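A.B. asks: Here is how the chains run, residue by residue.
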Amino acid sequence: MTLWLIPFFPLIGFLLNGLFGKRLSKSVVNLIAIGSVAVSFLYVAALLFKLSPLTTAYSEHYFTWIQSGFLQIGFDLFVDRLTAVMLLIVTGVGLLIHIYSIGYMAHEGGYYRFFSYLNLFMFFMLLLVLSSNLLIMFVGWEGVGLCSYLLVGFYFTEDYATNAGNKAFIVNRIGDFGFSLGIFLTVITFKTLDFEKIAAGVANMPVETTAGVLTAITLLLFVGATGKSAQIPLYVWLPDAMAGPTPVSALIHAATMVTAGVYMIARVSFLYDHAPHAMNVVALIGLLTAVFAATIGVTQNDIKKVFAYSTVSQLGYMFLGVGVGAYSAGIFHLMTHAFFKALLFLGAGSIIHRLSGEQDLRHMGGLRKAMPITFYTLGVASLAISGFPGFSGFFSKDAILSAVYAHSPWMFWIGVFTAGLTAFYVFRAYFLAFFGNYRGHHHPHESPAVMTVPLIVLAVLAAGGGFINVPAWLSTVFPLAEHANASAMIISASFGILGIVIAWFLYVARPAMAESLKTAAGPLYTLIANKYYVDELYTGFIVKPLEGISRFVLWRGVDEGLIDGALVNGLGRTVRGWGGLLRRLQSGSIRNYAAWVFAGSLLVIVVLGLAGGFR
Amino acid sequence: MSFYIISLIKIAIVFAVFMTTLAYLQWVERKVLAHIQSRTGPLRVGPHGLMQPLADVFKLLTKEDLLPPYVNRFFYLLAPFIAVSLALISISIIPFGPEVTVFGYHTFMQISDVNVGILFILAIGAVSVYGVALAGWSSNNKYSLLGGLRSSAQMISYELPFTLVIVSPLLLANQLSFRGITDSQAGYYLGFIPRWNIFQMPFPQIFAFIIFMIAGFAETNRVPFDLPEAENELVAGFHTEYSSMKFACFFMSEYANMVTITCVATLLFLGGWHPLFPAPYSNWVATAVFVLAALMCFYHAAQPARKWDRITFPIFGIAFLVLAALFAIPLFQPVLVPAFWFLAKVGCLLFTYIWVRGTLPRFRYDQLMKFAWTFLFPCALINLLLTAFCVAIF
Amino acid sequence: MLPPVPLSWYLILSAILFALGVAGFLYRKSIITVFMSIELMLNAVNLSFVAFSYEYRRIDGHIYSFFVMVVAAAEAAVGLAIILTVFKNRGTLQIDEVDSMKL
Amino acid sequence: MDTVLFIIFAVVAIVCGFNLIFQKHPISSALSLIGVMSSLAVLYLLLGAEFIAMAQMIVYGGAVMVLFIFVIMLLNAGTEKASSKSWFAQFAGLPLLCLFVAVLAFLIRAALPALPDVRFGRWFGGTAENIGKMLFTQYLLPFEVISILILIAILGAVVLARKEID
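Protein chains in written order, with our numbering: chain A, 8 to 622; chain B, 41 to 434; chain C, 197 to 299; chain D, 1147 to 1312.
Just chain A, with the same shape it has in the complex (with noise of 0.2 angstroms):
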């Protein structure tokens, strides 16, 4: 078996729609790219089909990569249980959203552009998942943000979406500054990368009592984590990066990219056991953000908007979960919500794309008899995160709340709060969607099959992804904890329950009353739809001075005086100058240069004799 050719195939795939895909006919590029994915889900299957049970993680040496010193870092893959899971969630569900993305992007420009992206994307996913050392890994996470970066700014013609894109991309970079200094400490802390090897030099460690080595590192990684997965305090990108097309939101921004960071922590969960103050951190970042974003979320009318928190909310949950050491149950629900959020920004995609791009709730309504397949699946999607028993959010959120009231109750309360405001806004979204009156002005119709089979198909997943019990299959890669506790199953379900008639109260039986409590919150309501003035704040605070130090201090004294002009333009007359006196012995004239060879080797030879090297 060889590991490397999972990742391989969407890389053939990308080299083959990007370099010749201009030349392609789109049959040809969409049997390439769908081609190459489907290949490796396969493939994928059929491997682990083949490594099952799989209790021991099976690894594979390929060369030496950096050898420099005590340190050396080998091309190595490796597959465990946990990698097995990210596997089949990034393969499969890609295979679903390329699919869809057949009918989404049928009549967008830069047709083969988009798959070669998104297979590049695959490409890196599968390295990042399937590395065995913090490098290669993070040669794959630098290689999603890429690919983020290329699909959000995909409309490039559109200032919006560059910016959205520039913006995710720089907001990584500082999350990224935090992940690569992770990355030197834990070299100069146990001299190697290779996880297993990390495992094995910190079993020898206490855990740590007081912030020590392992806190830092554990930080500064949780760092990387929040810049890709949109935690405080840089979550702001994500929402942005709505700019890109919907199935890019979809595979990228909820199912698979963003929750690299969950799977990173999970992946170095032998340190963060370690480090419990940089757990606790996690946890309550991972907390913050998820009733943060969800308050947001009830606010904002932007179908996409309301998802885009949605997500940042539940990758709260997945952080807080994990926070509090249920790896299993933040790995869990990081697959389930890979099913529905991305049946979610699918189904709402199938809506902004037979509506030709209006994304605005106000303008939707009573969708329900135009278009049925999306109905029905997206009120399964909606059922899943609400927690509604029964369907696979509910089990995924109660493994995590579970462990969080083992943890802290205080936590479980406001966790389960957030549920309640998580079925609350995305029913309300779907309400505003499906049901009253259409208050546009396009003629919707149902989305073709291309696009309503992967629909279909996720809709099932998301209904009955919760049967699967993750945490058990895990249950060789983190210890089995029982935190199974009836009353917070009951407790988070009545929340979503009761979520759910709010929102049916507030947007279907009495819209009027909606409108009433907007005006009634009044100042709270503006605070929280103009997103807690988050981005303004970091504008007025971080970008506006570092823009003015940039340009009056970096650009016009250090660059242009210092660089540009003692440096380069000193150096450069400098020598010219010089130049221009020893121009006058390159006369042209070979006798002359042939004088001073003369003279200099006699010179040598003169000095090799005095010295008395001649014998």
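These aren't lab readings, by the way, just hints derived from the structure by calculation.
Here the structure is a predicted model, which is why all the values come from computation and not from measurement.
Virtual Cβ for every residue (Gly too), placed ideally from N, Cα, C.
Don't take every hint at face value.
Said to hold, decoys possible - With a cut-off of at most 20 angstroms between alpha-carbon atoms, the simulated EDC-like pairs for lysine to aspartate or glutamate come out as follows:
| # | chain 1 | residue 1 | chain 2 | residue 2 |
| --- | --- | --- | --- | --- |
| 1 | A | Lys525 | A | Asp309 |
| 2 | B | Lys410 | B | Asp266 |
| 3 | C | Lys225 | D | Asp1148 |
| 4 | C | Lys225 | C | Asp295 |
| 5 | A | Lys33 | A | Glu115 |
| 6 | A | Lys204 | A | Glu67 |
| 7 | A | Lys538 | A | Asp367 |
| 8 | A | Lys538 | A | Glu522 |
| 9 | D | Lys1227 | C | Glu293 |
| 10 | B | Lys50 | B | Asp153 |
| 11 | D | Lys1170 | C | Glu293 |
| 12 | D | Lys1170 | D | Glu1226 |
| 13 | C | Lys298 | C | Asp256 |
| 14 | A | Lys29 | A | Glu115 |
| 15 | C | Lys284 | D | Glu1226 |
| 16 | A | Lys525 | A | Asp367 |
| 17 | D | Lys1227 | C | Asp295 |
| 18 | D | Lys1279 | C | Asp256 |
As the list claims (entries may be wrong) - To give an idea of the interface, some chain A residues facing chain C are shown, with a C-beta separation under 8 angstroms as derived from the structure:
| # | residue |
| --- | --- |
| 19 | Ser594 |
| 20 | Gly595 |
| 21 | Ser596 |
| 22 | Ile597 |
| 23 | Arg598 |
| 24 | Ala601 |
| 25 | Ala602 |
| 26 | Trp603 |
Given the structure of chain A, go ahead and fit chains B, C and D onto it with the hints provided.
C.D. replies: Only chains B, C and D this time, still in chain A's reference frame:
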């Protein structure tokens, strides 16, 4: 001290024989060409023109020594000197026979045995370009210059296949000394096929021999490669401006080169002094040949074509009989028989030279160059590769 | 009989010839002659190689001088071709008149 | 005997070397150079380097110098003209040369005092056989590199001297 004396004696003998050969080669050439063209050739001076070479020498020596005013005097005089001296030097390392014992002294039938004899010949051949080139240049005459340039280009071009085919017999013999190479060709396959290099296993050098002879024609500026002195294009090529003894020097050097090349061909490919068939019979071949020649003389004396034949042919016949008797004396046989075989082979090759001159027309200049570079050179290279391959395998 | 020649005479001869080559390079004005002076220097060095080879009874020096010869031959081929080109382009063989890279 | 030979040919070499410098016409210089090379070949023989001596004659005498003469004839190179462009070479050359000879003579005398005498016949190492063995064993790589260099030189010469086909 005896070394010096013996060397001097050998030099004297070789010089005498060599110079006579050169002089009479001219006579032979004229005679053969004449007979090829159904003429009689020189007939006036001496019986059958036999005194013609002497007359020629006398004429050239006594002619006015012209020195054209426009020439570069030093090089003009130097060129024929270079040409003739280099041509004559080569003969000094050619062996004519095996080691012999004369009056108790062991010596080689060779002026000097050089370890790197072949290289010496090549070196002399390489340097002898200067004679022609300088003559052409210093004459200050465009025909001469063209002749000189053509000659140098031609000699350089043909030196490549020439050198390459020489390497093949060297590979078979595994040495560079002429004596060693010749000795490696002694013996017979199946008792009667001589082990000469043109028959030598594992790779008979017959093609190498042919290429060598062709390149040799070009190296000596002989027909069909006599472009440098093409009378009807370049008046007389590089020696247009030369007369009397200086011209004789060029003339002599051409014939000397011819003799040297045929000697080398004999040594490298035809087994040198080793006879065509095994010893007891081959010793008497010379006697038989001379007796046959004497009988022919007597026959012609009996039926004279001219008035004087009645007197001259019996004298020739008696001379041949004396020679036959000399070769029949066992005491002289170890010296004379190898020399006879060697000279016989050389003579045959020289006859081929003259024969070709009487038969073939001249090449055009571009044909000449093309022939060297696109045919002879690859052939020589392939021959060398095959030889090396066979030698390495067997 | 004359006394035998010490090896240093060969070396001094080599040095003299080398100096003559240098002098030719510095004082001659025809490109061809300058080129010939270079050949003279190479020859002088070869003589040293062979002389040292004799002293140490090793033929490495011969190999070196063989290589020098081969390189000199290659150099002569290319160099004379360059001289031909220079003459074709500038119509002169005076070394001091060939003092610019571009025409 | 070898002393006489050495003196004769060393003198010939030096005289020819001076002639190379002082002759005005390139072809005289070329002929002088041939003289130097030939006498060096004899000296090589005295030093027991028979192969190198022959190679000297074949390569230098037969190939390199023929090329030179060929080119001189082809370009009809005339005598030189006086020039004052190379001031440094003109003025510094002679002192530098004197210094060079002095330094080398000093070094040879000082650093190599006890060099043995050269007697012809004492050592015949430089046979074709020895050199061939050396070339194809210890010096195989340089040999191959040199052959590639020659190939490149051939190509370069052909490219440079080729007539422009317009």
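A.B. asks: Please list, smallest to largest, the hint numbers that this structure does not respect.
C.D. replies: Result: hints 3, 13 and 26 break, sorted rising.
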